[in-house]
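> Full structure from sequences and hints, please.
If you read the sequences in order, they're chains A and G.
Our numbering applies: residue 1 is where the first sequence begins, and numbers increase by one.
Our numbering applies: residue 209 is where the second sequence begins, and numbers increase by one.
Honestly, the hints are just simulated from the structure, not real lab data.
Take these hints with a grain of salt, some might be off.
Restricting the straight-line Cα-Cα distance to at most 25 Å, the calculated cross-link-like pairs of lysine to aspartate or glutamate (DMTMM-like) are [to be verified]:
1. LYS379(G) x GLU192(A)
2. LYS386(G) x ASP131(A)
3. LYS386(G) x ASP122(A)
4. LYS252(G) x GLU278(G)
5. LYS90(A) x ASP349(G)
6. LYS386(G) x ASP286(G)
7. LYS90(A) x GLU398(G)
8. LYS346(G) x GLU380(G)
9. LYS160(A) x GLU174(A)
10. LYS379(G) x ASP131(A)
11. LYS90(A) x ASP387(G)
12. LYS327(G) x GLU310(G)
13. LYS160(A) x ASP28(A)
14. LYS90(A) x GLU380(G)
15. LYS258(G) x GLU278(G)
16. LYS160(A) x GLU176(A)
17. LYS386(G) x ASP304(G)
18. LYS258(G) x ASP286(G)
19. LYS327(G) x GLU398(G)
20. LYS379(G) x ASP122(A)
21. LYS379(G) x GLU337(G)
22. LYS90(A) x ASP178(A)
23. LYS90(A) x ASP272(G)
24. LYS327(G) x GLU278(G)
25. LYS160(A) x ASP131(A)
26. LYS252(G) x ASP272(G)
27. LYS379(G) x GLU195(A)
28. LYS379(G) x ASP178(A)
29. LYS379(G) x GLU310(G)
30. LYS379(G) x ASP368(G)
31. LYS90(A) x GLU376(G)
32. LYS386(G) x GLU429(G)
33. LYS90(A) x ASP368(G)
34. LYS160(A) x ASP62(A)
35. LYS160(A) x GLU69(A)
36. LYS90(A) x ASP28(A)
Per label pair, the in silico range of CB-to-CB distance [said to hold, decoys possible]:
37. ASN123(A) x THR255(G): 40 to 46 Å
38. GLN377(G) x SER187(A): 16 to 22 Å
39. ARG370(G) x MET155(A): 45 to 51 Å
40. SER187(A) x GLU306(G): 37 to 43 Å
Beta carbons: idealized from backbone N, C-alpha and C, even for Gly.
The residues making up each chain are set out below.
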Amino acid sequence: MGLIHRPEPDVVSYDPKGGDGWVTTRLDFLVNWGRANSLWPMPFGTACCAIEFMASAASQFDLARFGMERMSFSPRQADVLICAGRVPFKLAPVIRRIWQQMLQPKWCISMGACASTGGMFDNYAVVQGIDTIIPVDVYVPGCPPRPEGLIYGIMMLQEKVKRERGADTSLRNEMEPDPTSQLYIPSSAINELSEPFGNSVNQTRSGL
Amino acid sequence: MTTPITLVAAGSALPGDAPAPATLRKVDHRGGLPSPSVDALGAKFGTAVKRVDVVWGETTVVVDGGRLQEIVRWLHDDPSQRYEYLSDLTAVEFRDSEQPLEVVWHLRSIAFRRFLRLKVLLPRGTPLEVQSVWPIYKGADWLERECYDMFGIRFAGHPDLRRILMWEQYKEGFPLRKDFPLRGRFSRAEQLRQALAANPEARYSMEELSIADAFEDLPQEMRARLRSGEKTGE
Numbered sequence: 001m002g003l004i005h006r007p008e009p010d011v012v013s014y015d016p017k018g019g020d021g022w023v024t025t026r027l028d029f030l031v032n033w034g035r036a037n038s039l040w041p042m043p044f045g046t047a048c049c050a051i052e053f054m055a056s057a058a059s060q061f062d063l064a065r066f067g068m069e070r071m072s073f074s075p076r077q078a079d080v081l082i083c084a085g086r087v088p089f090k091l092a093p094v095i096r097r098i099w100q101q102m103l104q105p106k107w108c109i110s111m112g113a114c115a116s117t118g119g120m121f122d123n124y125a126v127v128q129g130i131d132t133i134i135p136v137d138v139y140v141p142g143c144p145p146r147p148e149g150l151i152y153g154i155m156m157l158q159e160k161v162k163r164e165r166g167a168d169t170s171l172r173n174e175m176e177p178d179p180t181s182q183l184y185i186p187s188s189a190i191n192e193l194s195e196p197f198g199n200s201v202n203q204t205r206s207g208l
Numbered sequence: 209m210t211t212p213i214t215l216v217a218a219g220s221a222l223p224g225d226a227p228a229p230a231t232l233r234k235v236d237h238r239g240g241l242p243s244p245s246v247d248a249l250g251a252k253f254g255t256a257v258k259r260v261d262v263v264w265g266e267t268t269v270v271v272d273g274g275r276l277q278e279i280v281r282w283l284h285d286d287p288s289q290r291y292e293y294l295s296d297l298t299a300v301e302f303r304d305s306e307q308p309l310e311v312v313w314h315l316r317s318i319a320f321r322r323f324l325r326l327k328v329l330l331p332r333g334t335p336l337e338v339q340s341v342w343p344i345y346k347g348a349d350w351l352e353r354e355c356y357d358m359f360g361i362r363f364a365g366h367p368d369l370r371r372i373l374m375w376e377q378y379k380e381g382f383p384l385r386k387d388f389p390l391r392g393r394f395s396r397a398e399q400l401r402q403a404l405a406a407n408p409e410a411r412y413s414m415e416e417l418s419i420a421d422a423f424e425d426l427p428q429e430m431r432a433r434l435r436s437g438e439k440t441g442e
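Shown next, in the form of structure tokens:
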């Protein structure tokens with residue numbers, strides 16, 4: 001396991017022997033470096049994925065290495081929403097509100113099969129992927145993912161954060177849902193995303 | 209309404225020198241000994257007891273729905289029965305569309321260490337309604353709400369028969385009924401639209417809060433809102 005090594009952009013130049021006592025860098029680099037290494041998670045754990053998330057946060061895997069040791073149980077002080085577990089329709093307005101309460105900059109990790117796609121719960125009660133409710137940055141596959149998987153997802157998110165440009169303000173625009181339907185994406189796209197697949201493809205909506 | 213509780217020494221089913229209950233070792237699938245409550249029920253209620261099955265040593269009594277509350281009240285109150293614990297309440301629908309729905313009550317007598325399963329049959333084509341046992345067991349409140357939510361069976365006499373698992377405005381029907389499609393009746397987008405329209409803070413209505421014992425502990429502002437008659441429940 002590991003990320004493909006990419007050379008760090010050469011933006012810090014510092015000559016310790018020069019005696020100048022100053023460093024030059026890009027502002028983006030500095031800001032993103034700070035953000036990427038202090039992502040405070042807002043844990044939204046609803047199922048067994050939350051157990052793996054707790055394991056990731058505990059001493060063996062130690063999320064503190066990524067500056068994430070501080071769980072933000074208030075969305076207003078959180079940077080990254082980690083949705084660990086299935087989300088039933090009854091929780092859809094709750095997670096939507098938590099996301100709206102988080103301040104920019106904010107990111108979202110969808111942890112596990114259920115949060116990402118509904119998983120095996122292709123039924124009347126479960127949201128078929130939280131990306132139909134809130135925008136998601138990183139999907140972590142697995143049922144549930146091991147802590148290594150989640151940490152890999154977190155490192156991917158860190159990479160994403162490090163590539164952001166401060167000049168691109170559209171990144172930080174709050175998505176506004178459609179005022180009548182409260183949906184971010186068109187109904188047809190949601191229906192298409194929620195199509196059954198795999199073994200359940202032969203089931204029909206009409207009867208038993 | 210409640211009988212005074214006599215402490216029963218461990219290992220004896222009745223106060224005094226009654227024989228101690230023994231764990232049955234070899235239990236027949238069918239035709240075991242029915243619970244002693246069955247004879248008493250038969251003697252007391254006669255034709256209201258419609259059928260008795262003993263399966264794996266557990267007694268199931270099918271009773272007349274019209275006299276259910278009376279029967280449960282007697283089982284709860286009578287000193288020779290003392291079924292003081294309602295351990296479960298649920299319903300069964302069979303795939304065979306001719307078969308009636310069954311509503312099931314699991315009663316337990318802690319004093320006598322007895323278990324009794326009551327059933328009421330709701331034939332097809334009749335309104336799905338039975339008497340509530342809430343006046344006898346307060347714990348039946350949420351069990352009956354769940355049964356109503358999932359099967360659409362109405363419990364006459366329940367003080368607050370609302371959905372409990374699905375949100376209150378859920379329009380698709382009753383999910384555990386056999387004619388309910390697994391993925392629900394509406395499209396996913398429509399389901400999501402309706403779910404997002406629900407107000408997450410309406411889960412606990414002001415009416416519920418106002419009857420809570422903790423009313424005096426509520427914040428000043430909330431008490432004031434309650435006094436002014438504000439309602440948030442939908």
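> So, for every hint listed, does it hold in this structure?
Quick rundown of the hints versus the structure:
1. LYS379(G) x GLU192(A): Measuring from Cα to Cα gives roughly 22 Å; hence the hint holds.
2. LYS386(G) x ASP131(A): violated (31 Å)
3. LYS386(G) x ASP122(A): holds (17 Å)
4. LYS252(G) x GLU278(G): Within the cut-off at roughly 11 Å; holds.
5. LYS90(A) x ASP349(G): holds (21 Å)
6. LYS386(G) x ASP286(G): violated (38 Å)
7. LYS90(A) x GLU398(G): Holds, because 14 Å separates the two Cα atoms, which is no more than 25 Å.
8. LYS346(G) x GLU380(G): violated (29 Å)
9. LYS160(A) x GLU174(A): holds (18 Å)
10. LYS379(G) x ASP131(A): Holds: LYS379(G) and ASP131(A) sit about 24 Å apart, inside 25 Å.
11. LYS90(A) x ASP387(G): holds (22 Å)
12. LYS327(G) x GLU310(G): This hinted pair holds, its Cα atoms lying about 6 Å apart.
13. LYS160(A) x ASP28(A): holds (13 Å)
14. LYS90(A) x GLU380(G): Holds. LYS90(A) to GLU380(G) sits at ~14 Å (cutoff 25 Å).
15. LYS258(G) x GLU278(G): holds (15 Å)
16. LYS160(A) x GLU176(A): Given pair LYS160(A), GLU176(A) holds - Cα atoms ~22 Å apart, limit 25 Å.
17. LYS386(G) x ASP304(G): holds (10 Å)
18. LYS258(G) x ASP286(G): holds (21 Å)
19. LYS327(G) x GLU398(G): Given that 25 Å is the threshold and the Cα spacing comes to 38 Å, the pair is violated.
20. LYS379(G) x ASP122(A): holds (19 Å)
21. LYS379(G) x GLU337(G): Given that 25 Å is the threshold and the Cα spacing comes to 20 Å, the pair holds.
22. LYS90(A) x ASP178(A): Holds. LYS90(A) to ASP178(A) sits at ~20 Å (cutoff 25 Å).
23. LYS90(A) x ASP272(G): violated (37 Å)
24. LYS327(G) x GLU278(G): Measuring from Cα to Cα gives roughly 14 Å; hence the hint holds.
25. LYS160(A) x ASP131(A): Roughly 18 Å between the alpha carbons, so the hint for LYS160(A) and ASP131(A) holds.
26. LYS252(G) x ASP272(G): holds (13 Å)
27. LYS379(G) x GLU195(A): Holds: LYS379(G) and GLU195(A) sit about 21 Å apart, inside 25 Å.
28. LYS379(G) x ASP178(A): holds (22 Å)
29. LYS379(G) x GLU310(G): holds (24 Å)
30. LYS379(G) x ASP368(G): holds (19 Å)
31. LYS90(A) x GLU376(G): Cα-Cα ~10 Å, so holds.
32. LYS386(G) x GLU429(G): At roughly 47 Å apart (the allowed maximum being 25 Å), GLU429(G) and LYS386(G) break the hint.
33. LYS90(A) x ASP368(G): holds (20 Å)
34. LYS160(A) x ASP62(A): holds (21 Å)
35. LYS160(A) x GLU69(A): Status holds; Cα separation ~20 Å.
36. LYS90(A) x ASP28(A): Violated. LYS90(A) to ASP28(A) sits at ~40 Å, over the 25 Å cutoff.
37. ASN123(A) x THR255(G): 40 to 46 Å: Between ASN123(A) and THR255(G), where Cβ atoms are some 43 Å apart, the hint holds.
38. GLN377(G) x SER187(A): 16 to 22 Å: Given about 19 Å between the Cβ atoms, the range holds.
39. ARG370(G) x MET155(A): 45 to 51 Å: 46 Å Cβ-Cβ, so the 45 to 51 Å window holds.
40. SER187(A) x GLU306(G): 37 to 43 Å: Roughly 39 Å apart at Cβ, these two residues keep to the hinted range, so it holds.
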